[in-house]
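Undergrad: The sequence shown begins at 0 in numbering that gives the first Met the number 0 and counts up by one.
Careful: at least some of the hints might be erroneous.
[Said to hold, decoys possible] Okay, derived cross-link-like pairs now, EDC-like style, lysine to aspartate or glutamate, Cα gap no bigger than 20 Å in a straight line:
1. 126 to 195
2. 18 to 182
3. 159 to 182
4. 10 to 54
5. 136 to 148
Calculated from the structure, these hints are not laboratory results.
Being a predicted model, the structure only gives us computed values, none of them experimental.
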Amino acid sequence: MKNSYDRIAGKWDAYMKTKKVPQIIRRFAGSLPKGANILDIGCGSGMPIATFLADAGFFVCGIDSSEEMLRLAQINCPEHAEFHKSDLLAFSCDQKFDAAVAFDSLFHIENEAQEAAFQKVASLLKKGGLFLFTHGKNEGSVTGEMFGENFCYFTPGSEKILKMLKSHGFSVLETLLDYSEAEMGSRELIVIARKE
């Protein structure tokens, strides 16, 4: 998958530069303390989420498995941000984060590793830390094409996702099914959770 994202990075970045920051991200950012440290999981080229968060005065730590996406992220978001080549499960860091965002990234993790992914996010957040993510709502996997490259998408289903969150110390603050807004189109599932 990382090589596929390397191959589409330029097209992806150009497309994402035409997109506005989703209102759900703006609202989420408004609930965070000033100067919060935010982990952006699957940050891509940093457009538009990491750049928005950094410009709003937050410190962003972006992780992605695509070198080319990260190269573009460093250009797009040169201040108040750092970027690391890593997938979520392999990422390690000395600091704990005030918040984490995983917008259109967790569904690239195979279903067998989803629980480990939620456990990993919990280990990276401070107590009280917030986590916003998008996901699929129906259990299964599909293959889709984007900019001429094939990608696999996995979801354990919304019910299992919510159970996994709770089992790793999260309380679910908000669950949005079939959420849609002009800035981002529609997403099957958006969850905002807090680490207790």
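Undergrad: Out of the numbered hints, which ones does the structure contradict?
TA: The structure breaks hints 3, 4, 5; every other hint is satisfied.
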